[in-house]
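At position 418 of the sequence shown the residue is numbered 418 (our numbering), and the sequence of numbers has no breaks.
Do not take every clue at face value.
Cut-off 25 Å, straight-line C-alpha distance, at most; resulting in silico cross-link-like pairs (PhoX-like, lysine-lysine) [stated by the list, open to error]:
1. Lys106 <-> Lys14
2. Lys14 <-> Lys197
3. Lys72 <-> Lys40
4. Lys226 <-> Lys72
5. Lys15 <-> Lys241
6. Lys323 <-> Lys15
7. Lys418 <-> Lys441
8. Lys241 <-> Lys226
9. Lys15 <-> Lys106
10. Lys106 <-> Lys240
11. Lys14 <-> Lys355
12. Lys418 <-> Lys72
13. Lys106 <-> Lys241
14. Lys106 <-> Lys197
15. Lys323 <-> Lys79
16. Lys14 <-> Lys35
17. Lys323 <-> Lys35
18. Lys35 <-> Lys72
19. Lys35 <-> Lys226
20. Lys355 <-> Lys79
21. Lys226 <-> Lys40
22. Lys323 <-> Lys14
23. Lys226 <-> Lys197
24. Lys197 <-> Lys15
25. Lys40 <-> Lys240
26. Lys418 <-> Lys323
27. Lys418 <-> Lys355
Have a look at the derived ranges for each label pair, beta carbon to beta carbon [said to hold, decoys possible]:
28. Arg255 <-> Thr78: 52 to 62 Å
29. Ile366 <-> Leu415: 55 to 65 Å
30. Tyr19 <-> Ile122: 55 to 65 Å
31. Ala430 <-> Thr198: 47 to 57 Å
32. Ala219 <-> Gly128: 18 to 28 Å
33. Tyr19 <-> Gly128: 40 to 50 Å
Simulated from the structure, these hints should not be mistaken for lab results.
Predicted model, so just to flag it, every value in this text is computed and none were measured.
Glycine residues also receive a C-beta, built at the ideal position from the N, C-alpha and C atoms.
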Amino acid sequence: MSSTPVPSGQAEIKKYDTYHINVDPDQDDKATEIKLLSFKRPHMRAFHCSWFCFFIAFFIWFAIAPLLPEVKETLGLTKQQIWTSNICSVFGTIFLRFVNGPLCDKYGARIPMSIILSFASIPCALTGLVNGATSLAVLRFFIGFGGSTFVMCQFWTSRMFTKEVVGTANALVGGWGNLGGGVTQIVMGSVLFPLFKTGMSAEQAWRTVCIVPAVVGLATGITILKISDDAPKGNYDEMKKNGTMAEVSAAGSFRTGAANINTWLLFVQYACCFGVELTMNNAAASYFKSTFELTTEVSAAIASLFGWMNLFARGVGGFVSDKANARMGMRGRLWWQTICLVLEGCMVFIFANTKSLGLAIFIMVIFSSFVQAAEGSSYGIVPYVNPPVTGSIAGIVGAGGNTGAVCFGLGFRQLETKQAFLLMASCIVASGVLSLFVNIKGHAGLISGEDSEEAIAAWKKMGGSMAAPTTLAVPEPDVETAKEVEKTTSADQFNEFMEVVKS
Numbered sequence: 001m002s003s004t005p006v007p008s009g010q011a012e013i014k015k016y017d018t019y020h021i022n023v024d025p026d027q028d029d030k031a032t033e034i035k036l037l038s039f040k041r042p043h044m045r046a047f048h049c050s051w052f053c054f055f056i057a058f059f060i061w062f063a064i065a066p067l068l069p070e071v072k073e074t075l076g077l078t079k080q081q082i083w084t085s086n087i088c089s090v091f092g093t094i095f096l097r098f099v100n101g102p103l104c105d106k107y108g109a110r111i112p113m114s115i116i117l118s119f120a121s122i123p124c125a126l127t128g129l130v131n132g133a134t135s136l137a138v139l140r141f142f143i144g145f146g147g148s149t150f151v152m153c154q155f156w157t158s159r160m161f162t163k164e165v166v167g168t169a170n171a172l173v174g175g176w177g178n179l180g181g182g183v184t185q186i187v188m189g190s191v192l193f194p195l196f197k198t199g200m201s202a203e204q205a206w207r208t209v210c211i212v213p214a215v216v217g218l219a220t221g222i223t224i225l226k227i228s229d230d231a232p233k234g235n236y237d238e239m240k241k242n243g244t245m246a247e248v249s250a251a252g253s254f255r256t257g258a259a260n261i262n263t264w265l266l267f268v269q270y271a272c273c274f275g276v277e278l279t280m281n282n283a284a285a286s287y288f289k290s291t292f293e294l295t296t297e298v299s300a301a302i303a304s305l306f307g308w309m310n311l312f313a314r315g316v317g318g319f320v321s322d323k324a325n326a327r328m329g330m331r332g333r334l335w336w337q338t339i340c341l342v343l344e345g346c347m348v349f350i351f352a353n354t355k356s357l358g359l360a361i362f363i364m365v366i367f368s369s370f371v372q373a374a375e376g377s378s379y380g381i382v383p384y385v386n387p388p389v390t391g392s393i394a395g396i397v398g399a400g401g402n403t404g405a406v407c408f409g410l411g412f413r414q415l416e417t418k419q420a421f422l423l424m425a426s427c428i429v430a431s432g433v434l435s436l437f438v439n440i441k442g443h444a445g446l447i448s449g450e451d452s453e454e455a456i457a458a459w460k461k462m463g464g465s466m467a468a469p470t471t472l473a474v475p476e477p478d479v480e481t482a483k484e485v486e487k488t489t490s491a492d493q494f495n496e497f498m499e500v501v502k503s
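Could you build all of it, start to finish, from the sequences and the hints given here?
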């Protein structure tokens, strides 16, 4: 987002005269560092609001998921009807993920985040009124709007941090937000549900317990309007009045991003990682309860392990992608993306055929780690597709995750559980092959093509620097260095990549 030039001799009007963090004046006063223990406005306050809002969105979005076995029993629903509601819960956010990008461009992330969180809290509070399959599906469709807050989550930190550290910031807020999926399984299924059940029947408990995440979501949505800022220099409405910020249309950006074939290849690959995560958030508790004859509380606790991998795995995926890029350029990123997806698919094959509870839990943890790593890796590639329209491309790719969840949900709805897992595993492995067709201008492909001199200079320069690992920052080209760099063969680069992975 560019600033409007300030006439010579006239002081720029901005909300804060000084900051409690180092900033770059040439990048709209964006922060050049991340201080995790700071909550100072505007930068770090926005950082913590970003991940916490996305975390609460997951709390609202999947509050009912660990309780579905109870809902199914109370209402006498079939497996197909339960999966219809699961599909609706992720389908509702697809359209909004496309729309929220332009909304953020116009209003900033703060206001859309507040509106979506507050809106999603209302149907969540009405969960107790569900009386059949149709009302459950409709209710979960509207609750699913909360999942679109991912766009605001990523946009907000991108607005607050420079390109040198924005990747790290986005990886952290995205991963910590996704962690809400795992925490929700424990809080709702293993803590609040048993607590409510001590003073009422199981049916009364699941009908009332969802009021808790609804109240938290509404309170969060209202609070962030008062305690945070849209950008380092203030809120969008103030900046536009002061002439600090110009109006920007995102329509052309969206059209350009959507016209690039690489966008849609990454769309499919993200469907096979984040889409799988959403599917497991809906399916894991029910799967462990029915397959291993566990209680709702125990199955919810086990299912939560899948989401807990977000503590580190998504960040690791982006970090390894950056390390591979520093050694091999885009080819390194593509190899890591492919490896993550193929191993993820293999783990699903093994998980579906595991009969031992202990081994199933162990395989699920490994399976989840590769899911999250592939998510981080995906957003290590996105910014290179067409840098000027990265926002629109990121939004489209993000919508792929929800689209994948809808498709896999249909598989679980129509097929036996094991067959659905095997189908999902096959799709994941096949998506890894799509890396062969990713061809980004100026960068080498998976096994063919060559990097431009500028690209070689950039990733060689990164490899020799102490720059922070990034997943959404495009390195600046250095033509001078490019002339001194010798091109290596594809075989040599693959061997270098394997050394990076081993280290």
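Verification of the supplied hints:
no., hint, result
1, Lys106 <-> Lys14, "holds (18 Å)"
2, Lys14 <-> Lys197, "violated (52 Å)"
3, Lys72 <-> Lys40, "violated (46 Å)"
4, Lys226 <-> Lys72, "violated (40 Å)"
5, Lys15 <-> Lys241, "holds (12 Å)"
6, Lys323 <-> Lys15, "violated (38 Å)"
7, Lys418 <-> Lys441, "violated (41 Å)"
8, Lys241 <-> Lys226, "holds (19 Å)"
9, Lys15 <-> Lys106, "holds (19 Å)"
10, Lys106 <-> Lys240, "holds (10 Å)"
11, Lys14 <-> Lys355, "violated (61 Å)"
12, Lys418 <-> Lys72, "holds (20 Å)"
13, Lys106 <-> Lys241, "holds (14 Å)"
14, Lys106 <-> Lys197, "violated (46 Å)"
15, Lys323 <-> Lys79, "violated (44 Å)"
16, Lys14 <-> Lys35, "holds (22 Å)"
17, Lys323 <-> Lys35, "holds (23 Å)"
18, Lys35 <-> Lys72, "violated (46 Å)"
19, Lys35 <-> Lys226, "holds (22 Å)"
20, Lys355 <-> Lys79, "holds (21 Å)"
21, Lys226 <-> Lys40, "holds (14 Å)"
22, Lys323 <-> Lys14, "violated (38 Å)"
23, Lys226 <-> Lys197, "violated (36 Å)"
24, Lys197 <-> Lys15, "violated (49 Å)"
25, Lys40 <-> Lys240, "holds (24 Å)"
26, Lys418 <-> Lys323, "violated (37 Å)"
27, Lys418 <-> Lys355, "holds (11 Å)"
28, Arg255 <-> Thr78: 52 to 62 Å, "violated (43 Å)"
29, Ile366 <-> Leu415: 55 to 65 Å, "violated (24 Å)"
30, Tyr19 <-> Ile122: 55 to 65 Å, "violated (37 Å)"
31, Ala430 <-> Thr198: 47 to 57 Å, "holds (48 Å)"
32, Ala219 <-> Gly128: 18 to 28 Å, "holds (19 Å)"
33, Tyr19 <-> Gly128: 40 to 50 Å, "holds (46 Å)"
In this structure, the hints that do not hold are numbers 2, 3, 4, 6, 7, 11, 14, 15, 18, 22, 23, 24, 26, 28, 29 and 30, in rising order.
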